[in-house]
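Chains as they are written, first to last, in the working numbering: chain D, 1 to 162; chain Y, 1 to 114.
Derived by calculation from the structure, the hints in this document are not laboratory data.
The reader is advised that the hints may include incorrect statements.
As the list claims (entries may be wrong) - Output of the computed footprint for chain D on chain Y, the stretches with three or more beta carbons under 8 angstroms from beta carbons of chain D:
id, segment
1, 3-13
2, 35-43
3, 47-57
4, 85-96
Glycine included, every Cβ here is placed at the ideal spot set by N, Cα and C.
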Amino acid sequence: MTTELSSQIVMQAKLDQLPRLERWVEALAVEFLLPSSLVHRVDLCLTELITNLIGYGYPVGEVGTVSIHAWRQAEEIVIRIDDDAIPFDPTSYVPPGLPSSLAEASVGGRGIRLVRHFADALHHVRRVDGNELTLIFRSSGARAHSPAAAAARHSVSLDSVR
Amino acid sequence: MELAVQDLDSGVLGINLSGRMDIIGTQQIDLKFTMLVSTRKAQILVDLSNVTFIASIGIRTLVSNAKAQKLRGGSMVLYKPNNQVEEVLRATGIDTIIPIVHDFDAARGAFGSA
Chain D
1 MTTELSSQIV MQAKLDQLPR LERWVEALAV EFLLPSSLVH RVDLCLTELI
51 TNLIGYGYPV GEVGTVSIHA WRQAEEIVIR IDDDAIPFDP TSYVPPGLPS
101 SLAEASVGGR GIRLVRHFAD ALHHVRRVDG NELTLIFRSS GARAHSPAAA
151 AARHSVSLDS VR
Chain Y
1 MELAVQDLDS GVLGINLSGR MDIIGTQQID LKFTMLVSTR KAQILVDLSN
51 VTFIASIGIR TLVSNAKAQK LRGGSMVLYK PNNQVEEVLR ATGIDTIIPI
101 VHDFDAARGA FGSA
């Protein structure tokens with residue numbers, strides 16, 4: 001693995017830590033010279049996953065620790081999230097279908113759909129003491145012009161890790 | 001986040017949201033937004049032009065209040081989201097259940113057809 005740049009944040013899984021995460025992503029954008037569309041996708045996926053972790057990852061009253069490590073690998077940005085939470089594999093979670101009407105629409109349940117839409121690939125490993133989730137992001141140009149990337153985004157990478 | 005109210009033409013109630021609509025931002029406006037949108041029948045235009053970011057928790061607030069307003073016989077439209085916010089709304093199919101418009105005439109049309 002050739003790593004040109006890397007950055008890491010270790011935070012408690014608490015809501016008041018989310019602004020720290022937001023600032024870390026902003027710094028990452030500057031350090032890695034990321035285009036704004038890619039920054040937005042990273043920001044959204046991390047916000048969804050960490051909000052999920054805070055809300056559902058731990059027994060009531062417990063606060064866990066999450067470590068997020070980002071690096072550039074060739075043309076990809078790789079982000080690995082290590083937590084000490086209960087097992088959760090977002091690659092095997094099937095989001096509910098899109099609603100056909102407002103009356104039928106569920107109020108919530110859209111976070112993992114967004115992660116799977118905006119990340120190009122997800123890989124989950126269950127560890128003895130937590131989860132290791134790796135997200136891969138390609139630039140918009142690579143996404144748009146590479147059939148392989150598009151295929152990976154929609155099926156191969158996501159399905160192959162289930 | 002911040003929320004401001006504006007009386008628009010034709011009896012439309014404008015609600016201007018601004019800021020980052022993640023869990024922290026949404027909690028800051030959720031109660032006031034719900035009081036304005038869900039407690040009486042109205043035509044509501046939610047101006048998203050100053051919303052810089054929306055997460056699923058923000059979508060939850062929009063959808064639950066749009067559903068409540070529809071039950072009251074009114075309607076809600078989403079006005080001028082930026083490109084990234086609109087991409088998130090479309091990725092979750094929100095554009096098919098709550099109209100997204102970019103000018104006031106389109107909003108009027110959406111209210112007429114709702």
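Which of the numbered hints above does this structure break?
1, 2
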